[in-house]
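Fit chain B to the supplied structure of chain A, relying on the hints for placement.
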Amino acid sequence: MSNLNIDAEKSHTFDAIVIGSGISGGWAAKEFTEKGLKTLVLERGRDVQHITDYPTTNKYTYEFEHYGEPALAIRKENPIASRCYVFREDAMHFVVKDQEHPYVQEKPFDWIRGYQVGGKSLLWARQVQRWSDFDFEGPARDDFAVDWPIRYKDIAPWYSYVEKFAGISGNKDGLSQLPDGEFLPGYPLNAVEDYFKKVLTNKYSNRHVISARCAHISKPNQIHLDQGRGQCQNRTLCQRGCPFGGYFSSNASTLPWAAKTGNLTLRPFSVVESVIYDDKKGKVTGVRVVDTNTREVTEYYAKVIFVNAAALNTNLILLNSKSQRFPQGLGNDNGQLGKFVAFHNYSARISAEYDGLLDYTTDGRNPAGGGYLPRFRNVFKQETNFKRGYAAGFSARRMNNKDMSGVGEGLKANLLKTTLGPWSVGSHMMGETIPKESNFVNLDPGKKDAWGVPLLNISVDYDENDVLMKKDYLEQLTEMFTEAGFTNIKQNDASQAPGLDIHEMGGARMGHDPKTSILNQWNQLHACKNVFVTDGACMTSTSTQNPSLTYMALTARAVDYAVKAMKKGDLA
Amino acid sequence: MERRLVIKQILIMAGGLALLPSCLRDAGKSSVLLKNLDVSLDQEKLLAEIAETIIPKTNTPGAKELNIHLFVLKMLDDCYEPEEQQLFLKGLEALKDKTQRRYSKSFIDIAVPERQELLVGIENDKEASAELAAFYKIMKGKTIQGYLNSQYVMTNLTKWELVPGRYNGYYPVKTA
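If you read the sequences in order, they're chains A and B. Heads up, the first sequence is in the numbering used here, so the first residue is 1263 and it goes up one at a time. Heads up, the second sequence is in the numbering used here, so the first residue is 42 and it goes up one at a time.
A hint or two may mislead.
What the hints assert, rightly or not - Dumping the calculated EDC-like pairs for lysine to aspartate or glutamate here, alpha-carbon to alpha-carbon at most 16 Å: (1) B:K76 to A:E1327; (2) A:K1297 to A:D1822; (3) A:K1434 to A:E1444; (4) B:K200 to A:D1625; (5) A:K1338 to B:E124; (6) A:K1321 to B:E202; (7) A:K1481 to A:E1444; (8) A:K1791 to A:D1832; (9) A:K1752 to A:E1615; (10) A:K1338 to B:E122; (11) A:K1674 to B:E106; (12) B:K76 to B:E122; (13) B:K105 to A:E1671; (14) A:K1338 to B:D118; (15) A:K1338 to B:D119; (16) B:K215 to A:D1625; (17) A:K1321 to A:E1351; (18) B:K215 to A:D1621; (19) B:K98 to A:E1671; (20) A:K1459 to A:E1741; (21) A:K1460 to A:D1435; (22) B:K131 to B:D83.
Don't read these hints as lab results, they were simulated from the structure.
Isolated chain B, as found in the complex:
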């Protein structure tokens, strides 16, 4: 595949996010152009792994391949209050600490079952700190939104119709 085509496809997959090759930008900065947030490349990579843990690659692409983590960052950057953004970033750091304390390794270095255990643990922890809870809520919610509304899912899996051309108010429910 031609490189240009690949870049084009990445652009489309990321829903029109402005992507710049990292060599053109500050080393260590996120690859997505952000207006408000200061996110490092390491943080971005971590978010990609978290998104991939939430929606992994199976016989269809997972969140990382679809660049859903960049959608999460884009939404966080443009659509959230500064306080929520800070909570999210603090929550991300809290997650790093939690991982380190529990597994003595970073999130990237632990196995998938451990990653899942960690995230589900936060999901079910009614006493999770405000920042960890806020981070998880936004991360998971936006990952699901980004995934379900991605071009891949809308055209290949859920097949959303732009032009239905019909309405049936008494459509029988298929009973399997």
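One chain only, chain A, in its complex shape:
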């Protein structure tokens, strides 16, 4: 009997365990397995194999039951998921349904989740920008949150490392606030995006429009072909999963790469109930897993644990990992775990028309989406009545006009006769929000999910700084649009709840001081050295950049550190 137990324990023992298979978990899996560690990746949802499990990827509009539109009954059952732009018939199978995974909203929060192998990396908007020291030094300079324990020089080589593998298209723009990276050819701005760029360059000293940098293979290098990925085919149907592997996802890239090493064990349908802290050994020994099909509870063991369950779920797991040593949750000596959650303010947009450059239109589709305005407010010094700033998307397209009046042969002919209208231009804000103790998540004291895990309570809201920043965005974009001669300018204050930006961050922030932060400069729990967090939960501040690239770089860097530390015996 005792032998059997030992065998069972052996088969449940790995060198490393990674909780989550999304964008950061996939990277942890790749790095650990490449370095020769037997690695278990736990995913709470079902498996999604690259290509095989993209059932809608080659469908035409008329092949969807309602030509893409979610049926009313589905929208009514899923008010939260329905607010997300990818929740349509072609991709809704990759989005968590409201009823299946409830949570508590102390304040309105649209929590958009992807519970499957690959997580939200199948669905993301694929925008990738490096942070600069204007971002890492932000909290210290502007007196909020805590100082980041790292600077650009610490992460720059890791940005390069992950960019080369993931495949990032972009141009070397030479902007200190948005450092250049290892780029494949950028997708060009179109005539009006380019025109707007020139208008801003002439009128302002530090406002730029650049080609949006995106995780698409505009031109493959050998390393991408080696992954079985090819050139992006400009389909812009990415949320369905890409049969060409044209954009980066865990499914197309890091997970199959990790599998090829022979060191990967991927276990879907595995909800991590908690991380196991052994009070006698004084370290974490493994994780407790509930099989979502059988409800069986199993323990898995490893020397090092990476928690990459997506920002808020990582907080949930750590908060639920209670022991004698950590009665408030793993690593939570200071009571700050779950606090200082922040996000990106995407709640304003602006649109207009332009009657110039009518000799041009576009042909094909741009997977990058168009242009990107890096943050220009308060970059080099404080200059407004609010802290920090916003980046903005900017894109233009020719409108297609159809005369849809009347009925009969005339209408039928007109429907197929498209005349080019003026350009339609649009922008959306991506504002930095300030992490605050009052924006937090915690465990609901009573309610539990189907697997006995407490429900997460979310209490996150905008503040006065967000309101002032949004006002400035609308004013500044209106001014810039006016300067460019755009007409029919329409401001749209979307008033959306936090969460819909899908950039929730923090709760287990990095910092120098164990009294005021949860993780150190290596994404390692201050209080428990063999546990690391490298997803959105680790973020000390949010800056304005889309965060995924930074998670990838932090993950590769942390695995490198963890493996070296293990070899030296420092994680024990």
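Structure of chain B alone, referenced to chain A:
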């Protein structure tokens, strides 16, 4: 053409709508399987003629042949609020009444120019009743959507590209 093949093609044309031969269902019921709406075969036939009036057969198929009216019903059944569905059905009855009053005939029995005149009249009538306006808006909008996104149009006429493989941001506009 084999019957089986025809049925298969109808299924494809109707965008995967579940069609059942009417003999298997209640006599007089719509041929499309509806979850919420109670639509008679007569109403369905009328909708087919209205759709055909909006987008008629020319040297290419019209709405009736492409089963666009069934797409309209499917969308109405699954994607609209019950109040909107009722407005639509009331509007359809109002259209029948209007036709009868004006031409002393049913829609099916009046000539194409009269049908067109009637529909354009509703389109341009700013004082049309709420149900007639709602009916017309949904009927015309969904007929156009169904037509432009039908397999026939997407593959033969507009030729939508699943895999463009290119992007040009400075594409010169052809000046004819």
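Evaluated hints:
Between B:K76 and A:E1327 the CA atoms are separated by roughly 14 Å; this keeps the pair inside 16 Å, and the hint holds. Between A:K1297 and A:D1822 the CA atoms are separated by roughly 9 Å; this keeps the pair inside 16 Å, and the hint holds. Taking the CA atoms of A:K1434 and A:E1444, the gap is near 9 Å; set against the 16 Å cutoff, the hint holds. A threshold of 16 Å between alpha carbons decides the hint, and for B:K200 with A:D1625 the separation of about 14 Å falls inside it, so the pair holds.
Simply put, A:K1338 and B:E124 have alpha-carbon atoms about 15 Å apart, close enough for the 16 Å limit, and the pair holds. This hinted pair checks out: A:K1321 and B:E202 have alpha carbons roughly 11 Å apart, not beyond 16 Å. Distance hint between A:K1481 and A:E1444 is fulfilled; the C-alpha atoms sit about 13 Å from each other, no more than 16 Å. In summary, the hint linking A:K1791 to A:D1832 is supported, as the alpha carbons are separated by about 8 Å, within the 16 Å threshold.
This hinted pair checks out: A:K1752 and A:E1615 have alpha carbons roughly 9 Å apart, not beyond 16 Å. Distance check on the hinted pair: A:K1338 and B:E122 sit about 10 Å apart at the alpha-carbon level, within 16 Å; holds. Between A:K1674 and B:E106, the direct Cα distance comes to roughly 14 Å. Compliance with the 16 Å bound is thereby established for this hinted pair. A hinted pair counts as satisfied when its Cα atoms are at most 16 Å apart, and B:K76 with B:E122 qualifies at roughly 13 Å.
Taken as a hint, the B:K105 and A:E1671 pair is honoured in the structure, with Cα atoms around 14 Å apart against an allowance of 16 Å. With a CA separation close to 15 Å, the supplied pair A:K1338 and B:D118 stays within the 16 Å bound. Between the alpha carbons of A:K1338 and B:D119 the distance comes to roughly 12 Å, so the proposed pair stays at or under 16 Å and holds. Distance check on the hinted pair: B:K215 and A:D1625 sit about 12 Å apart at the alpha-carbon level, within 16 Å; holds.
Restraint check for A:K1321 and A:E1351: satisfied, since their Cα atoms lie roughly 11 Å apart, inside the 16 Å limit. Among the hinted pairs, B:K215 with A:D1621 is consistent with the structure: their alpha-carbon atoms are about 8 Å apart, no more than 16 Å. Under the criterion of a C-alpha separation no larger than 16 Å, the hint pairing B:K98 with A:E1671 is consistent with the structure, at around 8 Å. For a cut-off of 16 Å, the pair hint linking A:K1459 to A:E1741 stands: about 14 Å separates their Cα positions.
About 14 Å separates the Cα atoms of A:K1460 and A:D1435, which keeps this hinted pair within 16 Å; it holds. Straight-line distance between C-alpha atoms of B:K131 and B:D83 comes to about 15 Å, which keeps the hinted pair within the 16 Å bound.
Hint violations for this structure: none, all hints satisfied.
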